[in-house]
Amino acid sequence: MTIEIHDLSKQFGSFTALNDINLTVNPGELLALLGPSGSGKTTLLRVIAGLETADSGQVLFNEEDSTDKHIRDRHVGFVFQHYALFRNMTIFENVAFGLRVRPRKQRPNAPEINRRVTELLQLVQLDWLADRYPHQLSGGQRQRIALARALAVEPSVLLLDEPFGALDAKVRKELRAWLRKLHDDMHITSIFVTHDQEEALEVADRIVVMNRGRIEQIGTPDEVYEKPANPFVYEFLGHVNLFHGRVHHGHAWIGDLQVDAPEYSEAEDLNAIAYVRPHDLEVDRTLNGEPALAAHIVHILAIGPVVRLELAGKDNQSANSIYAEISKERFRELQLARGDQVFIKPRKLDLFPNHAQNGSIH
Amino acid sequence: MTAVPLLQTSPAPHKAVITQESPWARWTLILLALSFLSLFILLPLLAVFFEALRKGWEVYLAAITEPDALAAIRLTLIAAAIAVPLNLIFGIAAAWAIAKFEFRGKSILTSLIDLPFSVSPVVAGLIYVLIFGLQGWAGPWLREHDLSIIFAVPGIVLATTFVTVPFIARELIPLMEAQGSEEEEAAIILGASGWQTLWYITLPNIKWGLLYGTILCNARAMGEFGAVSVVSGHIRGLTNTLPLYVEILYNEYNFVAAFAVASLLALLALITLVLKTLVEAKVAQQTSRGNHS
Chain A
1 MTIEIHDLSK QFGSFTALND INLTVNPGEL LALLGPSGSG KTTLLRVIAG
51 LETADSGQVL FNEEDSTDKH IRDRHVGFVF QHYALFRNMT IFENVAFGLR
101 VRPRKQRPNA PEINRRVTEL LQLVQLDWLA DRYPHQLSGG QRQRIALARA
151 LAVEPSVLLL DEPFGALDAK VRKELRAWLR KLHDDMHITS IFVTHDQEEA
201 LEVADRIVVM NRGRIEQIGT PDEVYEKPAN PFVYEFLGHV NLFHGRVHHG
251 HAWIGDLQVD APEYSEAEDL NAIAYVRPHD LEVDRTLNGE PALAAHIVHI
301 LAIGPVVRLE LAGKDNQSAN SIYAEISKER FRELQLARGD QVFIKPRKLD
351 LFPNHAQNGS IH
Chain B
363 MTAVPLLQTS PAPHKAVITQ ESPWARWTLI LLALSFLSLF ILLPLLAVFF
413 EALRKGWEVY LAAITEPDAL AAIRLTLIAA AIAVPLNLIF GIAAAWAIAK
463 FEFRGKSILT SLIDLPFSVS PVVAGLIYVL IFGLQGWAGP WLREHDLSII
513 FAVPGIVLAT TFVTVPFIAR ELIPLMEAQG SEEEEAAIIL GASGWQTLWY
563 ITLPNIKWGL LYGTILCNAR AMGEFGAVSV VSGHIRGLTN TLPLYVEILY
613 NEYNFVAAFA VASLLALLAL ITLVLKTLVE AKVAQQTSRG NHS
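Those protein sequences? They're chains A and B, same order as listed.
Residues 1 to 362 (this note's numbering) are what the first sequence spells out, left to right.
Residues 363 to 655 (this note's numbering) are what the second sequence spells out, left to right.
Extracted from the complex, chain A is given alone in its bound form (with noise of 0.2 Å):
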């Protein structure tokens, strides 16, 4: 099934849920809606769904519009971030109401329903709590059955609202390593919602970045990793050191630094923003010739592989704290300790405009 979105906005009262939204999903494929709270993604889901209606735009599904079509007639599987399992029946009873609710003539007979009951109760590895209430289940095990529920209809899409968000750490870990090895099973075109960003980078095929109601980037895993398309996602996408510096006919300066940027060779002497993630940073004992910015270490988090270490700069060119990340070897190497000075130089830098401090250009 491919969804295609056309368009598409919604106001609620002032505010603007949706403004404007293109998409297209591809048959087959797990897509993440990301973005912080407010951004408009699970309203975009809920819209995708039947459960909201747009003020404008078009939802087509298979090249057909579903603008007027009914929730019923959608034929999605919808997972809530809360379960909403139903409280008064059985977990058995919840699984089977999708077929029970049928026409008569569409409805399968007691021992057939029974068999696809079971069989998905066996797929998400619950079938001995069967004659349970929701009450009585883990949340974990409450997820895996409101989406065993959701399939007992065969949606032809999978529409899941922050499927993971009320659980603990390690649950949700095992969960969408097992969502991912689902979708690999059954391929059915899914969409879902979540606002952390590691969730989205592990399990999706393509991550929309939304924010205020607009996507910001469509891409897959790597590329709003590596390439993000504009500050927000980069600052929404793992950790990153911002560092103020200016812009002039295709150099960059950040203090003493200065790299090459050739796609400001037009650029007259700009304000600008520096992303750097914290393992792009070199950081080293002496300068070696080359130049490079100066800071002390404040703090020195050693757990695992990898030291973190959080810097101070020397200048103004980072406003806040300064984040490295450096193997244990190289940590070891360098015997590094608090209060001591270091020198950093990013390996790879991302440049942006600062829009805030050039005034007049938009």
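A hint or two may mislead.
Calculated pairs, SDA-like style, for lysine to any residue (alpha carbon to alpha carbon, straight line, at most 25 Å) [to be verified]: (1) B:Lys569 to A:Arg132; (2) B:Lys462 to A:Glu52; (3) A:Lys314 to A:Glu266; (4) A:Lys345 to A:Ile326; (5) A:Lys105 to B:Ser555; (6) A:Lys227 to A:Ile188; (7) B:Lys569 to A:Lys348; (8) B:Lys644 to A:Asp222; (9) A:Lys348 to A:Arg285; (10) B:Lys569 to B:Ala424.
Simulated coverage check for chain A against chain B, where a stretch passes if three residues somewhere in it have a Cβ under 8 Å from a Cβ of chain B [to be verified]: (11) 76 to 84; (12) 96 to 103.
Note that these hints are calculated values from the structure, not bench results.
Quick reminder that beta carbons are idealized off the backbone N, C-alpha and C, glycines included.
Once you have looked at the hints, place chain B on chain A.
Leaving out everything else, chain B in the frame of chain A:
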């Protein structure tokens, strides 16, 4: 999830020392509360039964099996049997609309439901007299068609229905709001129709709250005095409900009969109380379970 108390980890004996008053203060307060309860609630209740049985069982039974008494019982039951189901349907519909949907005029509807609580029952009765009475707006038309509402059974049913409107709706609205509409949304996405959703999802989730509201509604429907008194006309054997009949007997200095009939109402109150307590426990259980699922 929110209901989990955070401070429960501190050991109980330790907590007891901090939070409890001295024994002297404790017992004074308990005694005060108990004597208040006995004086204002227990004593009158006992007095009703004491007075009713003062001249023995035979007189008591004769008083409540007299034709006028039986007529009053029948009318009370009829009024409740019509008013309670009407409010059951209206209460579910109103609570469903208010709790599950956003629409213009929602707050007005909510306050309208509360109106019978905030208006004096006498005024409620007078409104009906004003509309349906012989001199009222609809009076001439009713006379032409030989219909009587005021000083007749329909008026009593109307007045009873009016004063009992809030009970079920008020009980259901907070319950349904707390439960949210995710289960209903899930049901509809799974292909259920509106009626199937109501029947399989919504009603089972509110059944104990519904029963609780119905019990209270019924108690009030049978015990209503003010509004019914205005529209009834106090015709013995015809338009007298139990509370009105008690008043008439009392005004005639027929104390034993008055208390005998009153004891029926008191009995109703006691039964209601017991049922209410039982259902309340169920509601609490369901709500806490709801919060965890």
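- [ ] Find the hints from earlier in the document that the structure breaks and name them by number, from lowest to highest.
- [x] Hints 3, 6, 7, 8, 10 are the ones this structure does not satisfy, whereas the remaining hints hold.
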